[in-house]
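**Student:** Sequence:
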Amino acid sequence: MELLIILTLLVIAAETTYLVAAQTVKLKHSKKQHMPIFVDTSVLIDGRIIAIAESGFITSTLFIPRTVVGELQFLADNADTEKRTRARHGLDIVKELQAMANVKVEIFNDGTKAEDGVDNQLLKLAKEYNGAVCTIDYNLNKVAQVEKIPVLNVNDLAKTLRMAYLPGEKIRLELTQKGNDQHQAVGHLADGTMVVVEHAKAQIGQTVEIEFIRALQTAAGKMMFARLVGGGDRDVIKKAAAQTKRAEVKAQLPAKILKSARRERAQPERVERPEPVAIPVPEIPKTQPETHSRAKSQTRAPREPRAPRDDTQPQQKPAPRKYNNRRRTPEDSLFELLDKQD
1 MELLIILTLL VIAAETTYLV AAQTVKLKHS KKQHMPIFVD TSVLIDGRII
51 AIAESGFITS TLFIPRTVVG ELQFLADNAD TEKRTRARHG LDIVKELQAM
101 ANVKVEIFND GTKAEDGVDN QLLKLAKEYN GAVCTIDYNL NKVAQVEKIP
151 VLNVNDLAKT LRMAYLPGEK IRLELTQKGN DQHQAVGHLA DGTMVVVEHA
201 KAQIGQTVEI EFIRALQTAA GKMMFARLVG GGDRDVIKKA AAQTKRAEVK
251 AQLPAKILKS ARRERAQPER VERPEPVAIP VPEIPKTQPE THSRAKSQTR
301 APREPRAPRD DTQPQQKPAP RKYNNRRRTP EDSLFELLDK QD
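Numbering-wise, the sequence shown is residues 1 to 342 according to this note's numbering.
Hints were generated in silico from the structure; no laboratory data involved.
Be aware that a few hints might be false.
Unchecked claim - The calculated lysine to aspartate or glutamate pairs, modelled on EDC-like cross-linking and capped at a C-alpha distance of 20 angstroms, are:
id	residue 1	residue 2
1	159	54
2	113	128
3	170	209
Because the structure is a prediction, the values reported are computed rather than measured.
All chains, full assembly: derive it from the sequences and hints.
**Tutor:** And the structure:
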């Protein structure tokens with residue numbers, strides 16, 4: 001019986017210890033999750049805290065010390081135009097934060113003026129209330145790290161979320177698949193970011209050099225666009241554009257028209273030759289010289305009998321007629337023929 005009672009007490013003690021430990025861990029986690037955040041003057045002047053608060057990443061209460069508001073008021077009354085404008089912008093940021101429904105903002109009354117300075121006052125409040133300091137001041141950030149105070153630096157957050165590659169930078173990337181358009185190819189960076197390369201469909205499966213053009217940030221993620229780098233880009237672009245144009249035209253034509261076009265292309269082309277055209281030739285009147293017609297109309301007298309030929313004497317050839325280097329006419333030919341007959 002005593003042994004049974006001892007075992008029961010041990011079980012109860014173990015359960016109690018477990019419940020106390022679990023409650024302690026829960027309280028620590030709750031305290032860390034709802035750690036107060038003390039906002040610095042530099043963050044209010046910067047203004048990016050508005051976008052962070054709208055995104056819902058700030059779950060703790062934002063405490064704006066009264067000394068910080070007093071410093072903004074002092075700068076707003078300054079004679080320097082630039083400082084005055086920036087301080088008034090910081091006061092407008094405080095008003096916008098208070099108007100937000102998804103973030104809790106409180107003005108912490110720590111006095112109207114910090115005797116040791118606003119930076120030292122923020123560090124003192126963070127230590128006293130186990131909170132964190134939200135700042136973009138480089139020196140305040142270093143001092144808070146030395147004193148082991150949690151720091152929420154907006155610049156570090158922006159640097160972490162910034163794009164790994166900016167427009168104009170060049171890298172070598174493997175193209176793995178085609179994009180939405182006919183000429184696009186898609187590759188992926190080491191962090192999984194999708195890169196769409198224009199006019200690179202022919203290079204799918206290859207590692208090519210690309211140049212980033214622009215980046216697109218959407219709710220679904222980040223996407224980057226690039227183009228090919230190299231001497232053969234123009235030929236590739238022209239070829240891809242021609243293929244895209246042919247595909248678009250082919251998609252718009254009905255199936256019957258395509259079928260008839262293929263049939264006509266298979267048949268040999270018939271070359272139609274033009275029919276010969278008769279060209280009228282003008283009749284040229286046949287004109288004869290007047291002297292020639294007159295020579296035909298005249299009748300010649302009968303010839304006298306020739307004397308017997310004397311073979312003992314050498315024959316003398318008649319002297320050729322001289323025509324005084326003038327242009328030959330049909331009469332000249334006729335006279336030469338008569339001379340030969342004689």
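**Student:** Are the hints correct? Go through all of them and say.
**Tutor:** Results for each hint:
The straight-line distance between the Cα atoms of residue 159 and residue 54 is roughly 19 angstroms, inside the 20 angstroms bound, and the hint therefore holds. Between the alpha carbons of residue 113 and residue 128 the distance comes to roughly 18 angstroms, so the proposed pair stays at or under 20 angstroms and holds. Between residue 170 and residue 209, the direct Cα distance comes to roughly 7 angstroms. Compliance with the 20 angstroms bound is thereby established for this hinted pair.
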